[in-house]
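Enquirer: What follows is the residue order along each chain.
Number of protein chains: 2
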Amino acid sequence: MILDKINDPMDLKKLNNEEMELLAEEIRNAILNRVSKNGGHVGPNLGVVELTIALHYVFNSPIDKIVYDVSHQCYPHKIITGRKEGFLNPEQFNKVSGYTNPAESEHDIFKVGHTSTSVSLACGLAKARNLKGDNENIIAVIGDGSLSGGEAFEGLDNAAELNSNFIIVVNDNDISIAPNYGGIYKNLKLLRDTEGKAECNFFKAMGLDYCYVKDGNNLQELIKTFEKIKDIDHPIVVHINTVKGKGKEYIEKNKEAWHWSVPFDLETGTRIAKGNGNKTYTQLTADFLYEKAKSDKKVMVITPATANILDFTPEFRKDLGEQFIDVGIAEEHAIAYASGLAKNGAKPVVGIHSSFMQRAYDQLSQDLAINKNPAVILVVRGGISSSDVTHLGMFDIPLASNIPNIVYLAPTCKQEYFAMLEWGIEQKEYPVMIRVPNTSVTEKDVTIEKDYSNLNKYKIEKRGEEVAIIALGNFYELGEKVKKELKEKKDINATLINPRYITGIDEDVLEKLKENHKIVITLEDGILDGGFGEKITRFYGSSDMKVFNFGAKKEFIDRTPLNELYTKYHLTEELIVSDVMAVIEK
Amino acid sequence: MILDKINDPMDLKKLNNEEMELLAEEIRNAILNRVSKNGGHVGPNLGVVELTIALHYVFNSPIDKIVYDVSHQCYPHKIITGRKEGFLNPEQFNKVSGYTNPAESEHDIFKVGHTSTSVSLACGLAKARNLKGDNENIIAVIGDGSLSGGEAFEGLDNAAELNSNFIIVVNDNDISIAPNYGGIYKNLKLLRDTEGKAECNFFKAMGLDYCYVKDGNNLQELIKTFEKIKDIDHPIVVHINTVKGKGKEYIEKNKEAWHWSVPFDLETGTRIAKGNGNKTYTQLTADFLYEKAKSDKKVMVITPATANILDFTPEFRKDLGEQFIDVGIAEEHAIAYASGLAKNGAKPVVGIHSSFMQRAYDQLSQDLAINKNPAVILVVRGGISSSDVTHLGMFDIPLASNIPNIVYLAPTCKQEYFAMLEWGIEQKEYPVMIRVPNTSVTEKDVTIEKDYSNLNKYKIEKRGEEVAIIALGNFYELGEKVKKELKEKKDINATLINPRYITGIDEDVLEKLKENHKIVITLEDGILDGGFGEKITRFYGSSDMKVFNFGAKKEFIDRTPLNELYTKYHLTEELIVSDVMAVIEK
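Chains as they are written, first to last, in the working numbering: chain A, 1 to 586; chain B, 587 to 1172.
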């Protein structure tokens, strides 16, 4: 294998053309080896194999600095920069993350996992280089749908003022995660159709120099281009046309499905199924919204480029027609747009990943909450998880619940979730957010309220005494277990409360607990700092009630197994009861 | 006066051309009457008088809906839509806010005060109209620097896909707050220079139809254009060239200084001075950064279009040359750019308004905090204030302090502030934020630490017993008063603590307080929910310590006088002591 000799980008430079072509093939196989066994980003990485080889052949990383946008297309880069074992050897898979990571290699400049950031970040590198009087090349690699994000635009706008070396590679593969949406992608098509010659050119309109590479999977064409612009003295956009998923027919043919994949059979492309066959909360959500939209023309379903994680399938999207929109990677627009829709009498429902909601804090606050427009926002994947550090879902409670006027709800079972969703869509008073349960689907044999307009009313699910457990959303089931443990181990008949509302406290219920309770335990699936439990603790601050808050620590965790995290944060019934008793019995 | 007859846009439609020209003059005088006596946005409003008359003459508000970006250019709109007394009669000034406000009038569609939101919001209105089968015109008025914000770009990108009536008026006055910066403004200049005929056209590249109005202060030209495009069946950009500050020579000549003004002498333009002649914290900051940058070429000062509120004067900016940048309205870029600068060895300092920091939450978290790059962010105007609801500074603590890795500092006097700033710039370990004191400048006669790298160490300024007052940043002085009040009224010798760090608690100090204190009082200049005090309360949750948190309620307040707010939130020494004693002596 050629790859045997490649341990550093320097090794690339010794290869002849034929060897480099072979290397591209081997890199593709290495990528497919990992993603088929381990899951991961498939299409983005297969598309940029030649681009990555050409960049490392022409430039001198890490002195020259390459910043990958989103960085879900960094696998070839990792293979070339000393981390090939993470792709060849299953035992090493977990040592190499799916995103760039400075802790892994000096060739990775930033930890990146959200989109549209590369141009601004690289702009900063370039400016610092200038201030220091250095002269390395700075290269941002953006594309794969990332151009539609506002941060990318702000970066391009400012890059145009940088009077020095700066290379922006736009990897145009004609698709985001789902098909591209938005006016800018029409201009990219025009540029592809005219081989970069059209006068009306988005990048030139942004004040940037521009060149076009017709076949972005042609290694020699890429090398020639990069050799020409290496050490250029001003910012330039290199627009290259690549094939997402290049090299595997079933992937090239179904780009959206192969953006990311769970493990699959390499021969056939058949996914190795994991689920238990039961529908998930997101699948049930899609079913519900489908029926809702079909019966009410004012219902509008919106997602910012994450139709896949919400189970808005291509059929769902096609069938809903005008009542569905994927706005592309444009979270700010998604929220402001929903506010406008609600203001003019429509019923917008935005589905968004907990971590990506961070991109729209100001829109939640200013465009939506100050205006009190009744849009509904479904937050998926909220909760402590073993995901990459860039995709953690444990910050949305501090983020959203401290904005006035927002009603953020935490359902604890299927019936409650859909009752809240129905209420949220039909009510006209509040921006309503719902934390879609991050658990398997549960059904509770209890009466579920239909109306949530009497805000911040907690539900006492089981009345007891001495200890009250306030168990929020995903952690309601943990609350049940804590109650059982207290009964079995300490013969305490605890009260169990489903607070339902994240954004406010039920002062009446909390006040009454003082009568026959000494201890309150709060459980939340997120960080404690700025979260739900602290509001309860503040209420009891000057009273005799003892309050214990359980949740995650404020820290960035990275691909830590969930059971380790639960142990670390004491989020098991045994550890909780033992913590509480240690203080009480002291 | 023509204005006497104008109580509604319908009244406009009865005027002939000559009367409308007179009306424009009268509206200018009304604007100048208000801003010269009351302060406010001067240039933006003087520039759009003709535009506003033309819009209301041609379209039928409120059925047709006009959304003003930032809405600091809505004064003529307010004058036409029944609120002229707020401009003519000083006693009515306070009844009319400086921004659009649906509570004031059905002609105001949204409460707006941050930039770059109009296209997305109006897109939502247009889509809702389509879903309902209605046919009103939807108009977004954007410009005055707002185009550089990412949200505007996301909106334009999505507007291009709206297959129905949508009118985007781009008010191009060739200046933002400070002079425009960024590639897009070069294209606007090209379009002005070619009277809209250049082939390379940013808006067309975004997939939008386009027309150009050469003289955007020519009423008849505007009316003709709007009559032509009224009821258009697809999205179109109307690019109009206006003169910011039109009609007053000294304003037209000095556009930046007259974007917003305190009261001034109408004849001469002389500002009616308010300050006591002493330098403010922001002026001292500019002085400090100037010296710092002059002595170290790696220091880079950055602001997103708010050089004015940071006292980065035109001279300061010119003198710093390459070491200063106003990135325009582009908060996301400002933070990501700073992260890149820090990564490559420069020393970036970003100055930003507390309220505008909301636009860069994800950049703080992902681009900066996860990467732990040592950029410094100075947050100005943080604290409870009597400002417009869209510019409140009381949310930055919950926003920033619950993001891991960030060190957010709250200085309590001049020496401490500059020691923290010096440390922040020179250290290499953390993203450091500093809440620039929102108070008059105070100097303390105490030793100030130079090194803040031993995180979360609180400073016990005065040792006492029974009650401990933890007084954060701006409220340190209030803490001193509470201590005095406790001594005088209750003969309690309280402990006074300057916590300095917003982002973490000093467990050692808090633990030791248990020995001879029964009560802890926390004081913070911001909302309590998700804030500083709750972290202290959580620490003591399971102990016998009584904790009282003082700060603002989680709510949107709008131009409420500060003393009213302090009374409402019990933020005076008398109310605090009385609250605490009421519980203790119960």
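Hints listed in this document are in silico derivations from the structure and should not be mistaken for laboratory results. There may be inaccurate statements among the hints.
Just so you have them, the derived chain B footprint on chain A, three or more residues with Cβ under 8 Å [stated by the list, open to error]:
1) 155 to 164
2) 408 to 414
3) 534 to 541
Within a straight-line C-alpha distance of at most 25 Å, the following computed DSS-like cross-link-like pairs (lysine-lysine) qualify [unchecked claim]:
4) A/Lys-298 to B/Lys-1104
5) A/Lys-514 to B/Lys-718
6) A/Lys-292 to A/Lys-414
7) B/Lys-1139 to A/Lys-514
8) A/Lys-372 to B/Lys-1154
A quick note: this is a predicted structure, and the numbers were derived from the prediction, not measured. Ideal Cβ placement from N, Cα and C applies to all residues, glycine included.
Enquirer: Decide, hint by hint, whether the structure agrees.
Expert: Hints versus structure:
{"no.": "1", "hint": "155 to 164", "verdict": "holds (count 7)"}
{"no.": "2", "hint": "408 to 414", "verdict": "violated (count 0)"}
{"no.": "3", "hint": "534 to 541", "verdict": "holds (count 6)"}
{"no.": "4", "hint": "A/Lys-298 to B/Lys-1104", "verdict": "57 Å, violated"}
{"no.": "5", "hint": "A/Lys-514 to B/Lys-718", "verdict": "51 Å, violated"}
{"no.": "6", "hint": "A/Lys-292 to A/Lys-414", "verdict": "17 Å, holds"}
{"no.": "7", "hint": "B/Lys-1139 to A/Lys-514", "verdict": "24 Å, holds"}
{"no.": "8", "hint": "A/Lys-372 to B/Lys-1154", "verdict": "23 Å, holds"}
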